[in-house]
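K.L.:
Whole structure, please, built from the sequences with the hints as guidance.
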Amino acid sequence: MNCPECDGKLNIPDDAAVGEIISCPDCGSDYEISKKDGSNIELKLAEKVGEDWGE
Amino acid sequence: MITIKIGGSIVDNLHPTTIADIKKVSQQGVILVHGGAKQVTQISEALGKKQKFIVSPSGIKSRFTDQETVEIFTMVMSGKINKTIVRMLQKNGINAVGLSGIDGQILQADRKKKLIVVNEKGRKMAIDGGYTGKIREVNASLIKSILDQGYTPVISPVAISEEYDFLNVDGDRAAAYVAGKVKADRILFLTNVDGLLMDNKLVKNLSLSEAKEMLPKIGHGMEKKVLAATESLEMGVNEALIANGQKENPISSALSHDNCTVITK
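In order, the protein sequences belong to chains L and G.
Heads up: the first sequence runs through residues 1 to 55, numbered per this note's numbering.
Heads up: the second sequence runs through residues 1001 to 1265, numbered per this note's numbering.
Be careful, since some hints might not be right.
To be verified - Here's a subset of chain L near chain G, in silico, CB distances under 8 Å, partners left out:
id : residue
1  : Glu20
2  : Cys24
3  : Gly38
4  : Glu47
5  : Gly54
In case anyone wonders, no lab produced these hints; they're calculated from the structure.
Nothing here was measured: the structure is a model prediction, and the numbers come from that model.
Where a beta carbon is used, it is the ideal one built from N, C-alpha and C, also for glycine.
P.N.:
Given below as C-alpha cells:
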C-alpha cells in the first residue's frame, strides 16, 4: 500500500490491528488503520495528539 | 501575586516550615494548585480499581483515565487531598478555600479524543482518549474575587469539558494556566529536588528561549514542569521558579532565588 501523501511505500505488518499507527518512511506522515478486513486495509490520517495526559 | 504548585509526592512531605512560609507571602496573594497522582493510585487500588498505565511513543508512562478512574480521581483530588491542604492552611491561620476546576468552571479543558500509545508489539497505536484533557480557559475573575476577599484559593487539577465531563488534567500545566490567566507575577513549582538538574548539576538560571530549547533533553517529570513554566511565561508571568519543597522556608527561599531554578523571559 502506498502513502496517500507522497506515494511512498508503506510497510504495514501482516498482524497490524485497527488503531495501529503506520508512519510513511519517506514523508513521515502518520496514518491510523481505520478498517481491516483480511488484506483490505483502510487508513485515515492520524490525529496529532500532545502528551499532556493528566496526573 | 504568586501561584504555587505543590507536587503530589510532596503533599505528605512538605517541610514543617512551609505553611508558616506561605502565610508570610499570603498578603501579596497566593493561589495554590496541587497534584496527588500517587494518592489517586493508592486509593483506586484500595477500592479494587486497578490502575492501567499506558506508554507514549516518547516513553512517558501515564494513567489511563477511564470513566470509573476519573470519578475516583475527582473524589481523591477534590476531596481528600484538597481538603487536607485546606485544613492544614486553616490550622495555621490562612483562610483557605478549596475548589476543584469544576467549581465555577475554574478549569475548562478540551477532552482528548485519542491518545497515541505503544502497544504490546512495540508499535504505535491510537486508543480512546479516556477522560484527560488540555486546559483551554481559566475562570480568572472568580479566582481574583476570592483573592480580593482575603482568601487563599486551593485548586485541584480536575477540569470540566465542553460536554461537562470531569477531566484529569496535569497539575503543573493547570498551575501554569491559572498563573497566566490571573496575571500572577510569579509561579513556583515545589518539588522534591532543588530544581532542574542537568548532568547532576543544578541549572540556576534560564531564559524562556533557553528553557524551550532544553526541553527535549530534560527527563520526564521535570520536563513537564519546565514546559509548564515556559507556558506561564508566554502567558505573561514574569518569573517561573522550580524549587525544593522539602527544605526550610521553601517559598521565601525560592523567592530569593536560593538554590533553585529561575526561568525568566
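K.L.:
Does each hint hold? Answer for all of them.
P.N.:
We went through each hint and held it up to the structure:
no.: 1; hint: Glu20; in the structure: 5 Å, holds
no.: 2; hint: Cys24; in the structure: 13 Å, violated
no.: 3; hint: Gly38; in the structure: 19 Å, violated
no.: 4; hint: Glu47; in the structure: 5 Å, holds
no.: 5; hint: Gly54; in the structure: 3 Å, holds
The structure fails hints 2, 3 (numbered hints given earlier, in ascending order).
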